[in-house]
Each structure stands twice: as structure tokens, then as C-alpha cells.
Amino acid sequence: MKKVTVFLKTYALPIFAIVAIVLGIAFVNGSKNATSAKAGRTPVVFWHEMGGPAEVALDKMVDDFNKSQNKYEVIPQYQGAYDEAVQKIIQSHGTSASPALFQSFDISTAQIMHSKYITPVQKFIDQDNYDVSDISPVARSFYSNKGQQLAMPFNTSQPVLYYNASLFKKYGVTPPAKSPSYSDVTRAAKALYENSHHKVKGMTMEIYGWLMEEALANAHTSLINNGDGHSGNPTKIDLNNPTTKKFLTWIRTNIKSGDFVNYGSGASAETNEIAAFLANKLGIFVQSSAYIGQLTTGTKNKLGISYFPHPDGVKANGVGIGGAALWISNDKPAKTQRGAWEFIKFAETAKNQANWQKATGYLALNKNSQKTKVLQDIYQKIPAAKVPGEQLASAKPNNTNSGILMEGMQLTRELEETAMEGVYNGQAINSALNTANKAMNANLKTTNKADGR
1 MKKVTVFLKT
11 YALPIFAIVA
21 IVLGIAFVNG
31 SKNATSAKAG
41 RTPVVFWHEM
51 GGPAEVALDK
61 MVDDFNKSQN
71 KYEVIPQYQG
81 AYDEAVQKII
91 QSHGTSASPA
101 LFQSFDISTA
111 QIMHSKYITP
121 VQKFIDQDNY
131 DVSDISPVAR
141 SFYSNKGQQL
151 AMPFNTSQPV
161 LYYNASLFKK
171 YGVTPPAKSP
181 SYSDVTRAAK
191 ALYENSHHKV
201 KGMTMEIYGW
211 LMEEALANAH
221 TSLINNGDGH
231 SGNPTKIDLN
241 NPTTKKFLTW
251 IRTNIKSGDF
261 VNYGSGASAE
271 TNEIAAFLAN
281 KLGIFVQSSA
291 YIGQLTTGTK
301 NKLGISYFPH
311 PDGVKANGVG
321 IGGAALWISN
331 DKPAKTQRGA
341 WEFIKFAETA
351 KNQANWQKAT
361 GYLALNKNSQ
371 KTKVLQDIYQ
381 KIPAAKVPGE
391 QLASAKPNNT
401 NSGILMEGMQ
411 LTRELEETAM
421 EGVYNGQAIN
431 SALNTANKAM
441 NANLKTTNKA
451 DGR
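The sequence shown begins at 1 in full-length UniProt numbering and counts up by one.
Please note that the accuracy of each hint is not assured.
[As the list claims (entries may be wrong)] Derived DSS-like pairs: lysine-lysine, alpha-carbon spacing no greater than 30 Å straight-line: (1) Lys178 with Lys335; (2) Lys300 with Lys315; (3) Lys169 with Lys256; (4) Lys396 with Lys146; (5) Lys123 with Lys190; (6) Lys335 with Lys123.
Hints are computed from structural coordinates only; laboratory data are not their basis.
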């Protein structure tokens with residue numbers, strides 16, 4: 001399945017894509033074709049997976065960094081989708097072709113960490129007494145292990161609940177709360193479906209493993225042992241747990257009531273649910289925060305955004321992030337690694353993070369970005385756009401909302417999706433989860449054995 005790659009590749013749907021493209025063409029032409037540094041500068045080859053408007057924005061950031069000093073020259077090189085890029089990174093290590101700086105997606109963290117091919121950014125944080133407190137703690141925690149910051153989060157999104165505020169007003173329905181429970185979402189979805197005389201479907205939930213994992217995170221439930229892999233190498237997966245059952249039972253309840261529509265999985269599901277939402281045929285869906293721009297361009301409807309829902313009677317724990325981080329290779333000279341770190345610091349400044357959010361839809365990770373005119377102007381135009389950042393800031397990092405640190409997550413997600421699909425189509429929840437759980441644990445055992453763990 002290509003699900004993980006396709007979705008992560010589309011995380012960067014822009015808020016102001018057209019503006020970014022127009023303003024960024026010069027920067028693309030100037031930086032993406034570069035292969036060597038100017039005389040007197042240390043070249044820092046940077047492999048990334050940003051395409052479209054996100055690549056335009058990234059090239060501009062690189063160009064700004066190169067102009068801001070005269071010691072280093074970052075050379076960005078696009079490497080394709082996340083899945084294929086991480087294999088190139090691993091296979092090229094120790095050769096002249098390997099990058100000094102690279103971007104790698106969230107669920108590759110364990111693989112990169114176990115490779116021992118990187119210099120943890122903690123080394124430079126300590127050397128510079130760099131204050132990381134301005135950078136989102138939850139985002140940082142995904143790429144840290146046992147007190148060490150392995151990489152710095154860069155392009156980051158969160159799952160949020162979108163609702164068509166104009167439709168809810170039209171049909172006299174109170175929308176979901178800012179941090180809604182499952183029953184609150186069901187109430188809103190059913191009421192919209194009924195009040196519209198079945199013209200508007202109440203809600204959908206894409207068949208996507210990431211969303212199932214986030215349901216566990218928000219209920220403070222681990223998918224794997226050893227603190228979701230943060231306190232030790234995982235040896236057991238427990239998908240068939242009470243929290244997963246509550247999540248799927250909630251979905252099943254809405255399916256049976258008729259207000260739920262199943263768009264399946266993959267890129268087509270995302271395309272269809274967004275199209276239905278914009279066409280006033282769907283009231284609620286849950287997806288990446290990076291879709292805000294697409295949902296507010298060319299429509300008069302007012303967009304509503306709430307936090308990712310949580311089970312009734314359970315306090316919301318916060319959800320994990322999606323996206324990728326910036327890593328430093330340890331096979332390059334010290335001065336080259338230093339140049340990579342200097343760019344990372346530049347990328348994490350309040351100004352650059354604010355511009356990054358405006359151009360790509362990813363969340364600004366520097367808390368001081370919220371004070372910038374760039375983001376204040378966005379929030380004035382689209383008030384709901386501030387909600388994803390508020391959700392990120394409200395969570396206190398712990399093992400269950402800091403991502404799953406385990407190799408083989410691509411297959412794990414495929415198996416999660418198979419279980420979800422079975423439940424959506426009427427299969428018994430226990431049966432679907434047991435089948436997936438058995439296959440997941442078999443894969444984990446094989447992976448650990450292959451890696452000598």
C-alpha cells in the first residue's frame with residue numbers, strides 16, 4: 001500500500017499556495033539546481049522530500065539562510081517521497097553521495113535512531129546552550145529518546161476535527177465543542193443529518209492508521225509496550241485494547257445511524273471527503289491540520305475546527321504530531337555538521353516558522369511565532385486557523401502522545417487500516433483487531449530478530 005507515503009506527501013497543502021508559488025519561483029530557480037558551494041563556503045548538502053508549494057517555501061528559506069552569513073552554503077536536493085528517501089539516506093551513508101543534513105518522516109524515527117548514522121542535535125544544543133523551550137515540547141518529544149534530542153522537528157501537523165460552521169448555523173445545530181467527546185461529535189453529526197432531511201451526511205472518519213493511533217494517544221493509551229518504545233525497544237503490540245474498541249464502537253454507532261459516510265482509504269478518500277465537505281454534502285471530518293488552506297480557498301462557508309475527539313469520561317491527553325524532522329549525518333566533517341546545525345537553528349526561529357506556516361500549512365513550532373504579524377493576519381482572516389496550534393500547545397508531552405518509536409510502522413499502519421476496513425464493513429471488532437494484532441506482533445518479532453534485538 002502507498003497510503004503512508006501518499007498522505008505524508010500531501011501534508012503540505014498550503015494556506016496561501018498561489019502567493020507562495022508566485023513569490024518563490026526565483027528562489028526555486030536559484031537554489032534547487034545548485035550542486036556546489038561558492039568559493040570559501042562549506043557546502044551542506046540537504047536532502048528533503050518537500051514538493052510543490054512546500055518546496056518553494058523551503059528553497060526560499062535556504063536562500064535566506066545562505067544570504068544571512070558567508071560560512072556555509074546549504075544545497076537543497078529533492079529526494080522524492082518519504083518512504084523512498086529514507087532508504088536512500090540509509091544506503092548512501094558513509095559515501096561521498098550522502099547528505100550532511102536530511103529530512104526524515106516521523107515513523108522512520110526508530111529506524112534512523114537504530115542506524116547510529118546521525119549526530120544527535122543534543123550535542124549542538126549543549127555546545128551552544130541553545131534554549132529549546134521555545135520549540136513545541138510535544139513536537140520535540142517525538143524525536144527525542146532518553147533525554148537526548150535526536151533531531152529537530154520541522155514540518156509538523158496535527159489531526160483536527162473540521163466542521164462546516166455555515167451548515168451548522170443554517171440547520172440550527174450546535175457544533176462540536178472545542179475539545180469534543182465522542183458522544184458530542186455523534187450528537188452534532190446526527191442532528192445535522194436529521195435537520196437537513198438527510199441532505200447532509202453528518203461525519204466521516206477516513207480508514208487511516210494514523211487516526212487510529214491518535215485515538216489511542218488522546219486517551220493516554222499505548223499501542224506497544226515499553227512506553228510506546230520511548231523507554232526501551234518494543235517487544236509487544238496491543239491493538240485489541242479497550243481504547244481501540246471504544247474508538248471503533250463509536251464509528252460503528254455512527255455507521256448504523258446513517259449519518260456516517262465511508263470514503264475508504266488513501267488519497268482518493270481524502271479527495272472525496274474534502275470535495276463533499278466543500279460541496280455542503282458533509283458536515284464533519286477528521287484530518288491533518290495542513291488542509292486549512294484548501295478548505296478556505298474559493299468558498300464562502302465558514303470553517304470550524306475542533307481538537308481531535310476523545311472518549312467520553314476520559315480527559316484529552318493530546319495527540320501526536322505528523323510530518324518530519326531535520327537530522328544531521330555523522331559521516332561528515334565537524335564544520336559541515338556545524339553548518340547543518342546553524343541552518344536548523346535558522347529554520348526554527350519565530351519569523352521563519354511563521355512564514356513556513358503561512359506558505360505551507362504546517363504548524364509554526366516556535367511559540368513566539370504566534371506573536372508575529374504574519375500569523376496574526378492569518379488568524380484575523382481565518383479565526384479557526386489558530387486552533388491546531390492551540391491543541392499542540394495545550395498538550396503536555398508523555399510517552400503516549402509523543403509518537404510510536406518502533407521500526408516497521410508502515411506495515412503496522414496497513415494492518416491497522418485492514419482492521420478498520422473490516423469493522424466499517426460489518427466485521428466483529430474483536431475479530432478484526434485480533435487478526436491485525438497477530439500479524440503486527442509477528443512482524444515485530446521478525447524485525448527485532450533481524451536487527452539482533
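Here is what the structure says about each hint:
no.: 1; hint: Lys178 with Lys335; verdict: violated, 47 Å
no.: 2; hint: Lys300 with Lys315; verdict: violated, 35 Å
no.: 3; hint: Lys169 with Lys256; verdict: holds, 25 Å
no.: 4; hint: Lys396 with Lys146; verdict: holds, 17 Å
no.: 5; hint: Lys123 with Lys190; verdict: violated, 53 Å
no.: 6; hint: Lys335 with Lys123; verdict: holds, 14 Å
Hint compliance for this structure: hints 1, 2, 5 are broken, all remaining hints hold.
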